[in-house]
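Participant: Given next are the chains, with one letter for each unit.
Protein chains: 2
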Amino acid sequence: MAKTKRVITILLRLLALGATVAAVVVMVTTHETANVLNLTFKAKYDNTPSFKYFVIAEAIVSCYTLIAIILSSKSLLWRLMVILDVFMAALLTSSISAALAIAYVGKKGNSHAGWLPICGQVPKFCDKVTGSLIAGFAAAIIYMLLCLYSLHAVLSPLLGVKP
Amino acid sequence: MAKTKRVITILLRLLALGATVAAVVVMVTTHETANVLNLTFKAKYDNTPSFKYFVIAEAIVSCYTLIAIILSSKSLLWRLMVILDVFMAALLTSSISAALAIAYVGKKGNSHAGWLPICGQVPKFCDKVTGSLIAGFAAAIIYMLLCLYSLHAVLSPLLGVKP
Numbered sequence: 001m002a003k004t005k006r007v008i009t010i011l012l013r014l015l016a017l018g019a020t021v022a023a024v025v026v027m028v029t030t031h032e033t034a035n036v037l038n039l040t041f042k043a044k045y046d047n048t049p050s051f052k053y054f055v056i057a058e059a060i061v062s063c064y065t066l067i068a069i070i071l072s073s074k075s076l077l078w079r080l081m082v083i084l085d086v087f088m089a090a091l092l093t094s095s096i097s098a099a100l101a102i103a104y105v106g107k108k109g110n111s112h113a114g115w116l117p118i119c120g121q122v123p124k125f126c127d128k129v130t131g132s133l134i135a136g137f138a139a140a141i142i143y144m145l146l147c148l149y150s151l152h153a154v155l156s157p158l159l160g161v162k163p
Numbered sequence: 001m002a003k004t005k006r007v008i009t010i011l012l013r014l015l016a017l018g019a020t021v022a023a024v025v026v027m028v029t030t031h032e033t034a035n036v037l038n039l040t041f042k043a044k045y046d047n048t049p050s051f052k053y054f055v056i057a058e059a060i061v062s063c064y065t066l067i068a069i070i071l072s073s074k075s076l077l078w079r080l081m082v083i084l085d086v087f088m089a090a091l092l093t094s095s096i097s098a099a100l101a102i103a104y105v106g107k108k109g110n111s112h113a114g115w116l117p118i119c120g121q122v123p124k125f126c127d128k129v130t131g132s133l134i135a136g137f138a139a140a141i142i143y144m145l146l147c148l149y150s151l152h153a154v155l156s157p158l159l160g161v162k163p
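Chains as they are written, first to last, in the numbering used here: chain Y, 1 to 163; chain W, 1 to 163.
No lab work stands behind these hints, which were simulated from the structure alone.
Fair warning: this is a prediction, and the values are worked out from it, not measured in the lab.
Treat the hints with caution; some may be incorrect.
Note: identical chains are not told apart, hence a pair may lie in one copy or across any two.
Derived BS3-like pairs (lysine-lysine); straight-line CA-CA distance at most 27 angstroms [unchecked claim]:
id	residue 1	residue 2
1	K52	K42
2	K107	K44
3	K3	K52
4	K124	K5
5	K44	K5
6	K52	K124
7	K107	K5
8	K108	K52
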């Protein structure tokens, strides 16, 4: 039973690692240059603080996930890891929300604030950012599952016992 | 000991309730009209999807917190509440991140995308939004503390026991 739990946890972590690494690589390698009214502008992730935050958060979670996979055999650390998993889930949720909010303005604009959509000028950049955000979203879902699984495993032996 | 825990939890929930209700009230009641080049524009929270999401999320957490305070004497539900607390913390984190990302563009603009800052035109609106975001941020921190406190309480009796 403990072995099944460990295998499921490691599988979930491997999936999360794949998703976060994909999100970082796609976001960092994406750039597109466009000409608008004789002005050249280059769309890159580091022009937008939210996308920078997204890349940094996904990179931190990638590193943590890798360390967690390596250390998962040392069960002494499991209590610390339950707490850190919750933090990583929060970090992923926060970064994907901030990046999505900006990506939405990039796609649809905001007529009330006078912000025009930019996806018409840099369609490839937008497509790749969308891909990166989907990967980040998948990572956040996987970490949520990981947290629920840890919490369930922690809470179930206490069935009926008052806190 | 169990009584101290309950008192601390209820106190934290009351603080969170105050913060989320303040965030919703300030955000919803804020609007400002500005004249730019003979065009009138009205700044309101529901012109921005991220701010709408922020208000809805804070309202949901307010309702949940109120119910949690009322039901906290019924200890049968405490396991469900640990899980729901984590969800509420994630919802708060997500909504504050999305709203902050947009507020930052409103304050600083984004020259690369050609989005101009709007806080020069509607300074009062910006100040009140900032206030609302600070309240939302406080609520998120309080919920994080609540989760850590629950997790600590759940994990500490298992000291040294393998999962």
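Participant: All hints, please: hold or fail.
Facilitator: Tested hints:
1. Proximity of K52 to K42 under the C-alpha cut-off of 27 angstroms is restricted to the intra-copy arrangement: shortest distance 16 angstroms within a copy versus 31 angstroms between copies.
2. Both within a single protomer and between protomers do K107 and K44 lie at most 27 angstroms apart by alpha-carbon distance, with minima of 15 angstroms and 21 angstroms respectively.
3. Neither within a single protomer nor between protomers do K3 and K52 lie at most 27 angstroms apart by alpha-carbon distance, with minima of 38 angstroms and 45 angstroms respectively.
4. Within a single copy, K124 and K5 get their C-alpha atoms no closer than 41 angstroms, and across copies no closer than 54 angstroms, so neither meets the 27 angstroms cut-off.
5. Taking the shortest alpha-carbon separations for K44 and K5, neither the intra-copy value of 41 angstroms nor the inter-copy value of 49 angstroms comes in at or below 27 angstroms.
6. Taking identical chains as interchangeable, the C-alpha atoms of K52 and K124 lie at most 27 angstroms apart only when both belong to the same chain, with a minimum of 19 angstroms there against 29 angstroms between chains.
7. Proximity of K107 and K5 under a CA criterion of 27 angstroms is satisfied in neither setting, with 41 angstroms inside one chain copy and 47 angstroms between copies.
8. For a Cα distance limit of 27 angstroms, the shortest separation of K108 from K52 qualifies both inside one copy, at 21 angstroms, and across copies, at 16 angstroms.
Checked against the numbered hints given earlier, the structure breaks hints 3, 4, 5 and 7 and satisfies all the rest.
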